[in-house]
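Number of protein chains: 2
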Amino acid sequence: MHSTSDILDIRQVEKSKIDQVDFDNLAFGKNYADHMMVCDYKDGAWQKPKILPYGPMEFEPSAKVFHYGQAVFEGMKAFKDENNKVWLFRPEENFNRINISSKRMAIPEFPKDYFFAALETLLKLDEKWVHPGDGNSLYIRPFVIASENGVSASPSNEYKFMIICCPAKAYYNSPVKVLVADHYSRSADGGVGFAKAAGNYGAQFYPTNLANEKGYQQIIWTDSNSHKYLEEAGTMNLFFRINDKLITAPTSDRILDGVTRKSIIDLARHQGVEVEVRKITVEELVSAAVDGSLKEIFGTGTAATIAFIEGFEYADKYHDLPQIENPYSLRFKKGLQDIQYNRAEDPFGWRYEVKLD
Amino acid sequence: MHSTSDILDIRQVEKSKIDQVDFDNLAFGKNYADHMMVCDYKDGAWQKPKILPYGPMEFEPSAKVFHYGQAVFEGMKAFKDENNKVWLFRPEENFNRINISSKRMAIPEFPKDYFFAALETLLKLDEKWVHPGDGNSLYIRPFVIASENGVSASPSNEYKFMIICCPAKAYYNSPVKVLVADHYSRSADGGVGFAKAAGNYGAQFYPTNLANEKGYQQIIWTDSNSHKYLEEAGTMNLFFRINDKLITAPTSDRILDGVTRKSIIDLARHQGVEVEVRKITVEELVSAAVDGSLKEIFGTGTAATIAFIEGFEYADKYHDLPQIENPYSLRFKKGLQDIQYNRAEDPFGWRYEVKLD
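The listed protein sequences derive, respectively, from chains U and X.
Position 170 of the first sequence, counting from 1, maps to 170 under full-length UniProt numbering, and the rest follow consecutively.
Position 85 of the second sequence, counting from 1, maps to 85 under full-length UniProt numbering, and the rest follow consecutively.
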């Protein structure tokens, strides 16, 4: 740990909590690995990052994050292969994206060497928290919060960049039904929809609760201007298979540039599947559902990996999706996981080995 | 304090910090009154509210407010008159609005008796923090944050409703120059713009920084679809005086239903000024600036009270506003403050006396 100890201050736990965790019955996001990273921004600079035992921290009630939602996050996963090697998946993408999100939220960008030193050190210390086996992973949550005290509506002068980790199984276990939005919206042109800004998520809870009451687990968001164009599902990008062609919406300032999304585009093309990145209307989706050319819808995201969608409602009409043989969603999920778990060649250079010694 | 002690648990400070505060040189939002209110929501109910010494609190790094911005707030002021009586201004409006905001953010609504018992008790204990004199007030910040630990993107099962207070002088002391938005947006149709949701504010910091670099203190937001319609300034609603007529945009799901805004509408009409609540385009504003019929622009909000705008930029052209005699902004500010400080009749029933004994 010579190279990272120059970069980080490390204080290890006295005793791991790992024995208290039932890995067979994980409630996602309820158990945290032993260590976390905390790095303070003050006096105009990111200070030396600290690796500490995971635990509560003190905040004043006037901390800006509580009042103005100046906060961004990322989601990543570490995977363990059959030889107990630990792998990350395209971590540079997450690093780049958290800084893109930060910039839009007027948060100072974070240094790359701090980010990777923290990741490597956390995964080395908490390597036992990465369980092998299909669908198992250590979910990694980098996030940044405005920590200055002050209730005036202006950017914070102090921040905390933190990384916490929690063991995860597959996020959505069963197929989901979705509701196509025709009233509520997720983001505006010129807004923060492309960023993983905290407030984008809280703002979806109420419309999602309403969808839940109607029997739908998720919402497919449409553009806020016309509700004509299909966008994303809030925690997932979306793919539509019409006949044998895969269609996904282009990213924009309203749509998150998902790492899983772009990986699936590459993987599908690599497997010879035609992918169109273009705007797709609700009307086209409904027509394709009615004439039978709509074969699949699935969501992609780090937490969800690939979520199968079994049907959607739009304008009070429910459209069931057909059950098909050898669906793309399953093929791509396997293709992706084979790379993530180091079970297959990685022609794309996506895997990132974490050095454990 | 008989009636409130049934409702609240009270723990007072041992020694007030008020001697440490320089009331002549207040940095807004940097000094907090001695006490705060904290009320926990858990097991499906708001628990007994507590009045405690203001101070730091422990949060786990996984608390949902840090990740999903599930948080709302209010802004209120208490005023002291020449007889040392303390007054609130239309507190019921703020109570109603925080619950409207909470509902949109999937936060449970707060009981009215808790809210008013907490306000009355805080103002009684911290009465000395309400300084008399024009422009002086005790700014009151009720807010609610999602406090459950968990990094899954779903509504929190635990919340904290808190009230903190800080002494304030007038928020914007000098006239401001504003930039009319033609790229960035504040809110979407079907979004959370009408709510005082935390993320609405953080999302404005970056575009506002860009405006600051061009010499503008604030942005006038336009609708995200077309950027044709004038909306609000992010922390203020806006009024435009064309000749002798006052125009303000109607509230919508994108625009905050400001308490000062609606008070100014009533006050202006009471003084015989014609007020049109209607959509107003950027084009109309620019035309009126060019032909000289635009007499005033001002912003209204609890923090700002009334902020005079001395000019605006749109499409790279700066439009200066004329200096006029006896402007509406000054008249209405005085009219409002005369009511707030108990210096005039209150035909509207807006004043709310805080019982200090």
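Be careful, since some hints might not be right.
If several chains are the same, the list does not tell them apart, and a pair holds so long as it fits within one copy or across any two.
Stated by the list, open to error - Mimicking SDA-like on lysine to any residue, the simulated pairs with C-alpha atoms at most 20 angstroms apart in a straight line are: (1) Lys279 to Asn225; (2) Lys334 to Ser174; (3) Lys245 to Asp338; (4) Lys317 to Thr251; (5) Lys48 to Pro322; (6) Lys30 to Lys128; (7) Lys245 to Glu213; (8) Lys128 to Asp266; (9) Lys85 to Asp346; (10) Lys228 to Gly190; (11) Lys355 to Arg343; (12) Lys30 to Ser152; (13) Lys355 to Gly311; (14) Lys334 to Glu213; (15) Lys15 to Val290; (16) Lys128 to Ile324; (17) Lys262 to Gly292; (18) Lys15 to Leu210; (19) Lys245 to Glu158.
Since the hints were made in silico from the structure, they are not lab data.
Tested hints:
For the homomeric pair Lys279 and Asn225, the shortest alpha-carbon distances inside one copy (14 angstroms) and between copies (17 angstroms) are both at most 20 angstroms. Proximity of Lys334 to Ser174 under the C-alpha cut-off of 20 angstroms is restricted to the intra-copy arrangement: shortest distance 16 angstroms within a copy versus 62 angstroms between copies. Taking identical chains as interchangeable, the C-alpha atoms of Lys245 and Asp338 are never at most 20 angstroms apart, the minima being 23 angstroms within one chain and 68 angstroms between chains. In this assembly of identical chains, the alpha carbons of Lys317 and Thr251 never lie at most 20 angstroms apart, being 28 angstroms within a copy and 32 angstroms across copies at closest.
Taking the closest pair of Cα atoms, Lys48 and Pro322 never come within 20 angstroms of each other, the shortest separation being 54 angstroms inside a single copy and 52 angstroms across copies. Proximity of Lys30 and Lys128 under a CA criterion of 20 angstroms is satisfied intra-copy only: 17 angstroms inside one chain copy versus 44 angstroms between copies. Taking CA atoms no more than 20 angstroms apart as the test, Lys245 paired with Glu213 passes in neither setting, with 33 angstroms inside one copy and 47 angstroms between copies. In this assembly of identical chains, the alpha carbons of Lys128 and Asp266 never lie at most 20 angstroms apart, being 32 angstroms within a copy and 66 angstroms across copies at closest.
For a Cα distance limit of 20 angstroms, the shortest separation of Lys85 from Asp346 inside one copy, 15 angstroms, qualifies, whereas the shortest one across copies, 74 angstroms, does not. Taking identical chains as interchangeable, the C-alpha atoms of Lys228 and Gly190 lie at most 20 angstroms apart whether they share a chain (18 angstroms) or sit on different chains (14 angstroms). In the homo-oligomer, the alpha carbons of Lys355 and Arg343 lie at most 20 angstroms apart inside one protomer (18 angstroms), although the nearest pairing across protomers, at 72 angstroms, exceeds that limit. Taking the shortest alpha-carbon separations for Lys30 and Ser152, only the inter-copy value of 9 angstroms comes in at or below 20 angstroms, while the best intra-copy value is 33 angstroms.
Taking the shortest alpha-carbon separations for Lys355 and Gly311, neither the intra-copy value of 43 angstroms nor the inter-copy value of 59 angstroms comes in at or below 20 angstroms. When the C-alpha separation of Lys334 and Glu213 is checked against a cutoff of 20 angstroms, the pair qualifies neither within a copy, at 32 angstroms, nor between copies, at 50 angstroms. In this assembly of identical chains, Lys15 and Val290 lie within 20 angstroms of each other by CA distance neither inside one copy nor across copies; the values are 59 angstroms within and 72 angstroms between. Within a single copy, Lys128 and Ile324 get their C-alpha atoms no closer than 39 angstroms, and across copies no closer than 72 angstroms, so neither meets the 20 angstroms cut-off.
Taking the shortest alpha-carbon separations for Lys262 and Gly292, neither the intra-copy value of 27 angstroms nor the inter-copy value of 53 angstroms comes in at or below 20 angstroms. Taking the closest pair of Cα atoms, Lys15 and Leu210 never come within 20 angstroms of each other, the shortest separation being 44 angstroms inside a single copy and 48 angstroms across copies. Proximity of Lys245 and Glu158 under a CA criterion of 20 angstroms is satisfied in neither setting, with 48 angstroms inside one chain copy and 44 angstroms between copies.
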